[in-house]
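> So the chains spell out like this:
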Amino acid sequence: MFNVILFTLTLAALIYSFIKDRQKTRQALKIAYNSFRNILPSMLGIIGLIGLMLALVPKETIEGLFGNNSPAGILIISAVGSVTLIPAFIAFPLAASLLQAGASIMAVSIFITTLLMVGVLTAPMEIQYFGKKFTILRNVFSLAAALGIAVIMGVALQ
Amino acid sequence: MKEHLKKYSLFMLIVVIDLILRWRVPTAGSTAVSSSIDYLVEMLLFIPPVFVLVGLLDVWVPRKIVEKHVGPDSGAKGVVISILVATAAAGPLYAGFPVADALLKKGCRLANAVIFLGTWATIKIPMLMMEIKFMGPSFALTRLILTVPAVIIIGYLVEKIVGSGKRLKQGKMKRC
Chain Z
812 MFNVILFTLT LAALIYSFIK DRQKTRQALK IAYNSFRNIL PSMLGIIGLI GLMLALVPKE
872 TIEGLFGNNS PAGILIISAV GSVTLIPAFI AFPLAASLLQ AGASIMAVSI FITTLLMVGV
932 LTAPMEIQYF GKKFTILRNV FSLAAALGIA VIMGVALQ
Chain V
4 MKEHLKKYSL FMLIVVIDLI LRWRVPTAGS TAVSSSIDYL VEMLLFIPPV FVLVGLLDVW
64 VPRKIVEKHV GPDSGAKGVV ISILVATAAA GPLYAGFPVA DALLKKGCRL ANAVIFLGTW
124 ATIKIPMLMM EIKFMGPSFA LTRLILTVPA VIIIGYLVEK IVGSGKRLKQ GKMKRC
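Residue numbers (our numbering), protein chains in the order written: chain Z, 812 to 969; chain V, 4 to 179.
These are computed hints drawn from the structure, not numbers from a lab.
Fair warning: there could be bad hints in the mix.
Which stretches of chain V does chain Z cover? Using the computed rule of at least three CB atoms under 8 angstroms from a CB of chain Z, they are [unchecked claim]:
| id | region |
| --- | --- |
| 1 | 15-23 |
| 2 | 28-42 |
| 3 | 48-60 |
| 4 | 119-127 |
| 5 | 155-165 |
We treat Cβ as the ideally placed atom computed from N, Cα and C, and that holds for glycine.
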């Protein structure tokens with residue numbers, strides 16, 4: 812159902828765009844193709860990892876680490892989310908598989924939010940643009956916000 | 004070609020592990036392969052239209068619109084426009100750095116630039132669809148509703164501490 816709506820919406824937008832401006836539409840498709848090609852190798856890799864995780868890591872292990880909102884589990888998952896550079900398109904299926912494997916809503920939420928908002932690996936780049944103080948503050952506050960959001964979500968969506 | 008193969012090294016490694024698993028531990032091996040294939044099918048059904056949307060948004064919502072509308076006198080309208088454009092743009096957090104930098108150079112308020120970056124990173128229309136699809140609507144929408152105020156508060160906090168009148172590394176701060 813969701814896919815049907817998405818395909819219809821995309822097709823309508825594409826046709827409208829094509830009528831308005833062929834050149835731009837061609838460029839948009841080129842961007843789409845290039846993004847797809849760029850993401851394909853890591854997508855296949857992560858999907859393979861998801862499969863291995865679901866098959867090899869016992870549910871109890873993931874439940875034990877990320878299922879009971881223990882401080883250690885939350886610390887590990889927020890560190891992973893802050894440091895790794897996983898494209899969002901792949902992060903959501905990964906998060907869904909963690910949830911499926913027994914992680915808590917809170918743990919998965921903090922993983923997604925830190926992944927999106929906190930960038931340790933990209934911090935040098937951010938410092939170059941905006942300075943050290945700005946970068947440290949923005950990232951620290953974002954980490955705190957990710958924790959807060961996760962706690963509220965954990966309570967609200969239980 | 005070598006570069007190309009290197010990109011697929013993780014995938015190839017996993018295929019090898021899957022094959023060995025299937026041979027040595029058939030049950031785990033087939034669970035791994037079948038859950039991977041399930042996810043792959045789901046992604047392939049879903050990702051092409053999402054990327055087409057990303058491409059369309061990228062060509063039709065040029066970054067120039069932000070730059071044009073967030074000059075020193077734009078006020079609240081500027082924030083709203085920059086948030087809207089950020090939700091439509093493609094790319095991860097770091098792709099937003101140059102755009103936020105351009106905003107600051109145009110004289111945009113520091114808080115707005117931080118808000119722009121936060122929005123750019125977290126609230127994207129195609130990504131939201133992805134999140135709804137994989138995490139369910141209640142998870143995605145709750146996270147969205149909580150993230151928007153958080154991003155705005157972070158913007159004002161960073162501005163308050165860094166100081167809106169101070170020079171950043173580049174560009175001069177002005178209120179806008």
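> Between the region 119-127 of chain V and chain Z, see if three or more residues pass the 8 angstroms beta-carbon test, and mark the coverage as holds or violated.
holds (count 5)
> Please check whether the region 48-60 of chain V has three or more residues whose CB lies within less than 8 angstroms of a CB on chain Z.
holds (count 12)
> Please verify the coverage claim for the region 28-42 of chain V: does it have three or more residues whose C-beta sits within 8 angstroms of some C-beta in chain Z?
holds (count 10)
> Check whether three or more residues of the region 155-165 of chain V sit with their beta carbon closer than 8 angstroms to a beta carbon of chain Z.
This one holds; 6 residues, not fewer than the three required, reach chain Z with a Cβ under 8 angstroms.
> Count the residues of the region 15-23 of chain V with a beta-carbon closer than 8 angstroms to any beta-carbon of chain Z: does the count reach three?
It holds: at least three residues are needed, and the region 15-23 of chain V offers 4 whose Cβ sits within less than 8 angstroms of chain Z.
When held up to the earlier numbered hints, the structure conflicts with none and fits them all.
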